[in-house]
Structure formats: structure tokens, C-alpha cells
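Asks: Residues 7 to 295 in the working numbering are what the sequence shown spells out, letter by letter.
To be clear, the hints were calculated from the coordinates, so they are not data collected in a lab.
Backbone N, C-alpha and C fix where the C-beta goes; we use that ideal spot for every residue, glycine too.
There could be a bad hint or two in this list.
[As the list claims (entries may be wrong)] Derived Cβ-Cβ restraints for the label pairs, each shown as a range:
1. L269 - K97: 53 to 63 Å
2. G255 - A93: 33 to 43 Å
3. E124 - V160: 30 to 40 Å
4. L262 - S144: 55 to 65 Å
5. S145 - L176: 46 to 56 Å
6. N250 - A93: 38 to 48 Å
7. K76 - L259: 20 to 30 Å
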Amino acid sequence: MKICIVSFALLLILSACEHKSQTEKAKIANVELMAPSPGYRNRASDKMMAKAAPPDDSKTAVDQAIDNAKKIVKEGEIRFEAKDLKAARDKIVASLKNLGGYVGEENETNNGDNNRREYDLKIRVPSKNFDRFLDALSSNADHIDAKNIRVKDVTTEFIDISTQLKNKQLLENRYLELLKRATKTSDLLEIEDKLESIRTDIETTQGQLNYLNSQVAFSSLDITFYNIPTAERADEQFTTKFKNAISEGWGILKTLFFDTIMLWPIIFIGFAGVWVYRSRKKKRGNEKE
Numbered sequence: 007m008k009i010c011i012v013s014f015a016l017l018l019i020l021s022a023c024e025h026k027s028q029t030e031k032a033k034i035a036n037v038e039l040m041a042p043s044p045g046y047r048n049r050a051s052d053k054m055m056a057k058a059a060p061p062d063d064s065k066t067a068v069d070q071a072i073d074n075a076k077k078i079v080k081e082g083e084i085r086f087e088a089k090d091l092k093a094a095r096d097k098i099v100a101s102l103k104n105l106g107g108y109v110g111e112e113n114e115t116n117n118g119d120n121n122r123r124e125y126d127l128k129i130r131v132p133s134k135n136f137d138r139f140l141d142a143l144s145s146n147a148d149h150i151d152a153k154n155i156r157v158k159d160v161t162t163e164f165i166d167i168s169t170q171l172k173n174k175q176l177l178e179n180r181y182l183e184l185l186k187r188a189t190k191t192s193d194l195l196e197i198e199d200k201l202e203s204i205r206t207d208i209e210t211t212q213g214q215l216n217y218l219n220s221q222v223a224f225s226s227l228d229i230t231f232y233n234i235p236t237a238e239r240a241d242e243q244f245t246t247k248f249k250n251a252i253s254e255g256w257g258i259l260k261t262l263f264f265d266t267i268m269l270w271p272i273i274f275i276g277f278a279g280v281w282v283y284r285s286r287k288k289k290r291g292n293e294k295e
């Protein structure tokens with residue numbers, strides 16, 4: 007009887023130990039398979055969405071349709087002579103302010119050998135006022151040496167970049183949705199890495215689009231103007247007048263030459279008439295003798 011009681015007690019003890027061991031294994035298994043805490047998931051999602059979210063006052067390709075309007079970029083250079091450099095500069099700056107433009111860069115050079123000064127202004131003016139500013143500048147210049155204006159249509163480039171930006175932002179939104187539903191730490195880390203790469207691409211593409219918009223909104227013009235000292239101007243005037251005199255004299259000579267050739271029938275008839283007249287006169291003189 008005692009042996010039965012002892013055996014039963016040992017059996018109970020062994021059962022209890024086995025149950026405890028299984029319980030501990032179940033707890034370990036639960037720890038290994040347990041999903042990340044909601045707090046960690048929310049913090050990770052909030053962090054990535056905060057990086058991905060654009061400013062409230064910015065317009066993105068996701069929120070609006072792609073602008074298909076024609077995009078034109080205008081730029082160029084102009085070089086002219088100005089007797090009073092300061093007055094010319096003041097007029098340019100005042101005209102720019104009235105038209106909403108500005109001076110982006112300004113350089114002044116002075117050649118000590120001949121005391122010749124030169125200004126170089128790199129200006130930007132709203133595209134809608136570019137032609138108006140250029141006309142005013144040309145009309146006030148004393149003598150224009152060179153003017154080169156270029157017009158470039160960037161509509162196709164603008165649409166391509168806008169489309170790329172929109173597609174990348176749509177892809178970013180899909181990954182953000184996946185981030186909200188992710189439960190495994192490995193998935194969260196992988197999605198975060200992907201979002202970082204996509205966000206970098208979006209910022210680069212947005213920068214290209216912003217630059218293109220800036221080029222379209224404001225036209226660029228490189229203005230160079232200079233003055234000629236009095237002594238140099240006198241020498242230049244004498245040389246210019248001498249060259250002009252030679253050129254004009256040569257022109258008159260060529261005109262006379264070609265006019266003479268053009269009148270050859272009349273000249274020929276005239277010479278023939280004189281020759282006939284002299285021949286008859288000579289013949290009559292011989293007959294009288």
C-alpha cells in the first residue's frame with residue numbers, strides 16, 4: 007500500500023514538472039513569434055511619413071494634374087557702348103526694379119593702359135517683361151556691338167520630369183501603406199530603407215523641376231557696356247573717317263566703271279560716228295586737191 011502511494015506521488019511530481027517545462031517552452035515560442043509592439047510600429051511609421059510628407063503650401067505631382075502648358079526659356083547677351091557708365095547702370099537697375107527683375111551678378115573692370123572701363127551685369131527679369139526690358143535697353147544704348155537672344159522650348163522636358171516625380175510619389179505612397187500594415191521588424195527595416203531611397207529620388211527630381219520652373223519664370227540676360235576715353239575716341243573717329251572715305255571713293259569708282267560698261271552701245275555709236283565724220287572730211291579734202 008505504501009509503495010502504491012509513493013509511486014502515485016512520484017507520478018504526480020513528474021507530471022507537474024513536465025507541464026511546467028511545456029509552459030516555459032510555450033512562453034519562449036510566443037516570444038520568438040511575437041510581433042513588434044504597436045508602439046514601435048507607430049513610431050517607425052510616423053517617422054517615415056513625417057519625412058515623406060511635403061510642406062502644406064507646396065504643390066506636388068500627386069495632388070495636381072501635370073501642367074501641359076507651353077514652357078519657354080529666354081536668355082541671351084547684349085554688348086553696347088555707353089558714354090556715362092554710372093548713368094547707364096542706374097537706368098538698368100531702375101528699369102529692372104520696375105519690371106520685377108534683379109541683378110544676379112555685377113563685375114567692373116578698368117584697363118589702366120587706356121583708361122577704358124567696362125561693366126558686366128547678369129540680370130534676371132520676369133519672362134513676361136523680357137521683351138519690354140530688352141527694347142528699353144536697346145533704345146537707350148549709344149551703340150550696340152552685339153545682341154544675341156535665344157528662345158528654347160522646354161515643354162517636353164518639363165512634362166517628362168513632372169511625370170517622373172508623380173510616379174515616384176505614387177510609389178512612395180504605396181510603400182507608406184505597406185509600412186502601416188507591417189508587423190515584422192525585418193519588414194519594417196526593409197520598407198524604411200526603400201522609402202529612404204525613394205525620398206532621395208523625389209527630392210532630386212523635385213529640385214530639377216524647381217530649377218526648370220525658375221528658368222521659365224525668369225529670363226536671363228548678360229549685359230556688357232563700356233566707355234571709350236576721349237583721346238582714343240578721337241583716334242578712332244579719324245581712323246573711321248579715313249576708312250569710310252576710302253571705301254566711299256572706291257564705291258564711286260566702281261559705280262562709274264559699271265555705268266560706263268552699261269553705256270557701251272552709246273559709246274560705240276559715238277566713236278563710230280566720229281570715225282565716219284573724219285573719214286568723209288578727209289576724203290573731201292583729197293578731192294579738192
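Asks: Hint by hint, say whether it matches the structure.
Replies: Outcome of the hint check:
| no. | hint | result |
| --- | --- | --- |
| 1 | L269 - K97: 53 to 63 Å | holds, 55 Å |
| 2 | G255 - A93: 33 to 43 Å | holds, 39 Å |
| 3 | E124 - V160: 30 to 40 Å | holds, 32 Å |
| 4 | L262 - S144: 55 to 65 Å | violated, 39 Å |
| 5 | S145 - L176: 46 to 56 Å | holds, 51 Å |
| 6 | N250 - A93: 38 to 48 Å | violated, 29 Å |
| 7 | K76 - L259: 20 to 30 Å | violated, 55 Å |
Against the hints set out earlier in the document, violations occur for numbers 4, 6 and 7.
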